[in-house]
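Student: Sequence:
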Amino acid sequence: MSSRIPLATSTTSNRLTPSTGTRTPSNVSREAALTRTTAAKIKRKSFGIPSAATAVKRARPLTTRPSSPTTMGPSTSANHLSGPLPSSITTGRATIAGSNTFNSRIRPPALSAPRSRIGSTSKDDEKEELKKKLEEKTNELEEKKEELKEKKEELAEEKKEKREVKENNAELKEQLTEMKTELREAKAEIKELRSDLQDEKNQHAQTKRDNEEYIRTLRKEAIDKDDQMRQLHNDVVDLRGRIRVSVRVRPLLEKEKDESTDHLSYPDETTVGIEQQKGKVMPFSFNHVYGPTYSQLRIFEGVKDLILSVLHGYNVCIISYGQTGSGKTHTMRGGEGEAAGLIPRAVTFLFENRKRLEDLDWSFQFAASFLEVYNDSCFDLLSTPPRAKREVKYMNKAFVVEGLTEEPITDANNLTSLLRKSDGNRSTAATKCNDESSRSHAIFALSVKGTNKTTGAKINCTLKLVDLAGSERAKESGVVGDRFIEMTHINTALSNLQSCIRSILSKQSHVPFRNSKLTTLLQDSLEGGSKCMVMLSLSPQLTALNETKRTLEFGKNLSHTHIGAAKKKETYVPSSIDPSIAAALTAKEVAKHQHVARWHAHIGTLVREREECFSSAPSTAFGKQLQLQFPSNEQPAPKMTASGDSSSSAPPDLPQFILDELAKGQEVSSIELASRLSIDHQKLIGAVKSLLSHEGVISTRDITEKRVELTKEGVDFVENGSAEFRTFERVAKEGGTPQTDIMKEPYGKVGISKAITAGWIAFDKSGGSVIVVRKVDSTVDTVSDQLKALKVGDEAKVDDKARTELKKRKLISEVTIKVVVLSKGPLFTTTLEKPEAELTPEMLASGSWKTTTFKKLNFEAMGVQPDSGHLHPLMKVRSEFRQIFFQMGFSEMPTNQYVESSFWNFDALFQPQQHPARDAHDTFFISEPALSTKFPAEYLEKVKTVHSKGGFGSDGYGYDWKEEEAQKNVMRTHTTAVSARQLYKLAQEGFKPTKMFSIDRVFRNETLDATHLAEFHQVEGVIADRNLSLSHVMGLFREFFRKCGIENLKFKPTYNPYTEPSMEIFAYHDGLKKWVEIGNSGIPTMIRYGIDNIRDLFGSKVKLDMIYNNPICRLDKK
1 MSSRIPLATS
11 TTSNRLTPST
21 GTRTPSNVSR
31 EAALTRTTAA
41 KIKRKSFGIP
51 SAATAVKRAR
61 PLTTRPSSPT
71 TMGPSTSANH
81 LSGPLPSSIT
91 TGRATIAGSN
101 TFNSRIRPPA
111 LSAPRSRIGS
121 TSKDDEKEEL
131 KKKLEEKTNE
141 LEEKKEELKE
151 KKEELAEEKK
161 EKREVKENNA
171 ELKEQLTEMK
181 TELREAKAEI
191 KELRSDLQDE
201 KNQHAQTKRD
211 NEEYIRTLRK
221 EAIDKDDQMR
231 QLHNDVVDLR
241 GRIRVSVRVR
251 PLLEKEKDES
261 TDHLSYPDET
271 TVGIEQQKGK
281 VMPFSFNHVY
291 GPTYSQLRIF
301 EGVKDLILSV
311 LHGYNVCIIS
321 YGQTGSGKTH
331 TMRGGEGEAA
341 GLIPRAVTFL
351 FENRKRLEDL
361 DWSFQFAASF
371 LEVYNDSCFD
381 LLSTPPRAKR
391 EVKYMNKAFV
401 VEGLTEEPIT
411 DANNLTSLLR
421 KSDGNRSTAA
431 TKCNDESSRS
441 HAIFALSVKG
451 TNKTTGAKIN
461 CTLKLVDLAG
471 SERAKESGVV
481 GDRFIEMTHI
491 NTALSNLQSC
501 IRSILSKQSH
511 VPFRNSKLTT
521 LLQDSLEGGS
531 KCMVMLSLSP
541 QLTALNETKR
551 TLEFGKNLSH
561 THIGAAKKKE
571 TYVPSSIDPS
581 IAAALTAKEV
591 AKHQHVARWH
601 AHIGTLVRER
611 EECFSSAPST
621 AFGKQLQLQF
631 PSNEQPAPKM
641 TASGDSSSSA
651 PPDLPQFILD
661 ELAKGQEVSS
671 IELASRLSID
681 HQKLIGAVKS
691 LLSHEGVIST
701 RDITEKRVEL
711 TKEGVDFVEN
721 GSAEFRTFER
731 VAKEGGTPQT
741 DIMKEPYGKV
751 GISKAITAGW
761 IAFDKSGGSV
771 IVVRKVDSTV
781 DTVSDQLKAL
791 KVGDEAKVDD
801 KARTELKKRK
811 LISEVTIKVV
821 VLSKGPLFTT
831 TLEKPEAELT
841 PEMLASGSWK
851 TTTFKKLNFE
861 AMGVQPDSGH
871 LHPLMKVRSE
881 FRQIFFQMGF
891 SEMPTNQYVE
901 SSFWNFDALF
911 QPQQHPARDA
921 HDTFFISEPA
931 LSTKFPAEYL
941 EKVKTVHSKG
951 GFGSDGYGYD
961 WKEEEAQKNV
971 MRTHTTAVSA
981 RQLYKLAQEG
991 FKPTKMFSID
1001 RVFRNETLDA
1011 THLAEFHQVE
1021 GVIADRNLSL
1031 SHVMGLFREF
1041 FRKCGIENLK
1051 FKPTYNPYTE
1061 PSMEIFAYHD
1071 GLKKWVEIGN
1081 SGIPTMIRYG
1091 IDNIRDLFGS
1101 KVKLDMIYNN
1111 PICRLDKK
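1 is the number of the first residue of the sequence shown in UniProt numbering; add one for each residue after it.
By construction, these hints were calculated from the structure, which means they are not laboratory data.
Just so it is clear, the structure is predicted and the values come from calculations on it, not from any experiment.
Keep in mind that the hints are not guaranteed to be accurate.
In silico lysine to any residue, SDA-like type, Cα no more than 20 Å apart, as pairs [as the list claims (entries may be wrong)]:
{"hint": "1", "residue 1": "K791", "residue 2": "R803"}
{"hint": "2", "residue 1": "K850", "residue 2": "L839"}
{"hint": "3", "residue 1": "K733", "residue 2": "E745"}
{"hint": "4", "residue 1": "K664", "residue 2": "V697"}
{"hint": "5", "residue 1": "K449", "residue 2": "E406"}
{"hint": "6", "residue 1": "K389", "residue 2": "T520"}
{"hint": "7", "residue 1": "K944", "residue 2": "Q988"}
{"hint": "8", "residue 1": "K765", "residue 2": "R730"}
{"hint": "9", "residue 1": "K173", "residue 2": "L183"}
{"hint": "10", "residue 1": "K808", "residue 2": "G721"}
Put together the whole structure using the sequences plus the hints.
Tutor: This is the structure in structure tokens:
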């Protein structure tokens, strides 16, 4: 800290200079007094700097010798002193100017005075010192007074605060008293609420129990509904006449317990999946899939309805198909007790239901036969002596086994003895795949004959349960000798069965049933008129995966096989026929027209029942109610509407109704009228067109309206809630729900995605498996509310953003409706006269034609299209190209070979074996036969040499060419392979100039999109001659495309591994306003016909209308 102490005053200059004059004692004393006074004042402001007197005593005396002035800083301000201050101070050797900031370590110098005057001033100094101390004490006293005053003020403040605290305490006491009162009241209220809560809990528990019971009831109803739906589905399958296909996977045997079955999955009860490479699963869907855990009883439950239809008069056949060791015999025959198979369970089941039908006047007789087809010969398993050989003969328009033993079945014990007898006679043997393998095909047939004594109906049908021998491979089963012969016959019979299925599936006129005894015996079950089911038996072993795939593929074909709807094997021979019918029909005619006799018997039964009811019913309201059940023929028939139904909501005459509405004097739209009548809009449009045929009666104008309609999924969301809302409701409130359970639901995948986006749910992976948990307690189904608003026409409630999202999710669609606005015409009338459409001879003879109004003829109407053949657009283009080639002197190459070896497809065209185009992602390789081995040996060596070392001016590719790669069969990727074959053939016959072309299909493993398929047509042309150059090729292309109508061409050099030099050809398209590649990459037929999706031009989705409506002559628009 710095301080400034003035010691002397100089009035001549502001600069510090040495003092050279002498001073008088009075001057000195005045200066000393001034110094003391000033020092005392400075002390109070300088924070403890010693007084001037003390500084003088401590300072070393300075001489009066002048010295150089030292300036320590800028001049100070006089405001820091109590009186007038000097501008400079003389201190002997140095003059120190006043400064605001000089160093605190510089002490003020002592006064410079003559030695002779120091003693005379000592008393004055003491006085000054005492004065100074007095002043200090005075100052201290003032300070104490100030402190005392502050303490008094603080004490006053404390007293005031104390008073306020007391007041606050009083208020707090009052509040405490009030809070205690409120607490007592709150406790009483809590007690009451607890009591209410307990009552609510009890009520909630009761409601929960009621809901659980209701849910169990609904679940049972759902199961029953599901069973009904399955039954209806089976009925549909029966009506469609398709083969039902189910799958059963046997469990692992004891010796197989350590094997993995992860390659098989069961997403639901109708699907089995096989794991492929890279974790992909190939699904197969059937009528039902029974996993390894299903019991024999559960298998039977799935087929008992089919078996029951035997008692209703249908032939039924159930076939067990699969590889050896897959559990077919166990499914069909089974063991004892719970292990019983379909055969014993089916017969027992039919016996039980026979009793129920006996109450309806039915009587039944059962007889069983059991035969096996061993090495394509039939053997009777119930005959005496056993295994008698039987022959299959064609008798009464059917194949029968002559002399086959049929044993009557009267009870379950009788059946058991017959099955044991057949088990002992059947051919079995051990193989590597199965310890007890069936070496024959076994057919159990149950003949059912029934008669109804009331209706005279008779049924004669058969239940066949077929246990086929398993398919096997000699390498896997290790069979030799007799077992090998058995395997050959088994596989041949199964192969013939597959051939029959393929023939039926492809609707061929001839089905080779007679190729084997097995297919001959199954002809009546597969040819139609019978209900047929195939149970595919699978082994869960990984080693059986290939056979499993083959079995499932065969089952897939079976499920699409249409054999015709089943027909009842039922006849009616009524015991008594009405005399009027008997007089009109002979016995032969009655037998011929079975439906007449059937309905006559049925009506007779109803008449008898009615008479019994009326004879026993009193003349009361009950009797009148019975009369209502049998209305007489005299009752008037219901009035029919213009549409042909008896609905009372629509008027009987739509045109007349429209005229009556227009007579009211206002315009009306067709949509409004259709809505008012609750009829289809198109039906009303038909009535409008009918009125338009009466010229001038009505006037119409067309307008269009855009409307939003809900899709099928949108309607489902309205009725059941959106996918995300149902997913949220599916998630349990506590603990969440496994993701796999939700994904099983039809809405699961979409629902999880949308619910996560909405922030309703989240995934919890902390436990290893993925659990879906709720993030919110409740939510609002906004999507369903929006769809409901759109459904009732309140479109204002749904903004554009929400509507776009709904459209994106395919929940709604915008449709444009053509609306007709109707008004009165110039010749309007409400009374119409129907004009005559034809001029008849009677009109000419009577002359009435002169006054008759005839319907006007429409000469602009299209006539009936004549029957004729139509070319597909691709065939039209192909035909045009062929004609151009023929005009240019080309001959057509044979291209009827879709499968080529890699040698001709790639190697003969000098495409290296490492070329990317030869990879599986670009080429379809054939699995069977996978290889070709027949090649021209000399030519093969030449191709190998050129690839490996070069030749004919080429350096080759310099790699090890492998014949194994050249042997691989592929679906040809280009018809250039055909050109290579033809050029080789030309070289062998001796060179001669030639022109060849081909137009045929090629195959590429490419990504499918709107303009690319995996198969397409390629146009190929080859010219072989001497002295040809690139200009000849370009001229050839120009001529070809000129004949196609394309003249603006340009050529671009490119690289092809099998031609050098190579070019791409571009043509300018006036319609597209750009250059389009038309050579080296296909000619764009789609552009020519204005098609933007190749599936509309080629494939299963091609519409015949597109082919029919294609003009014979084409006029291109530019």
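Student: Decide, hint by hint, whether the structure agrees.
Tutor: Here is what the structure says about each hint:
{"no.": "1", "hint": "K791 <-> R803", "verdict": "holds (13 Å)"}
{"no.": "2", "hint": "K850 <-> L839", "verdict": "holds (11 Å)"}
{"no.": "3", "hint": "K733 <-> E745", "verdict": "holds (18 Å)"}
{"no.": "4", "hint": "K664 <-> V697", "verdict": "holds (15 Å)"}
{"no.": "5", "hint": "K449 <-> E406", "verdict": "holds (13 Å)"}
{"no.": "6", "hint": "K389 <-> T520", "verdict": "holds (16 Å)"}
{"no.": "7", "hint": "K944 <-> Q988", "verdict": "holds (19 Å)"}
{"no.": "8", "hint": "K765 <-> R730", "verdict": "holds (18 Å)"}
{"no.": "9", "hint": "K173 <-> L183", "verdict": "holds (15 Å)"}
{"no.": "10", "hint": "K808 <-> G721", "verdict": "holds (18 Å)"}
Checked against the numbered hints given earlier, this structure breaks none of them.
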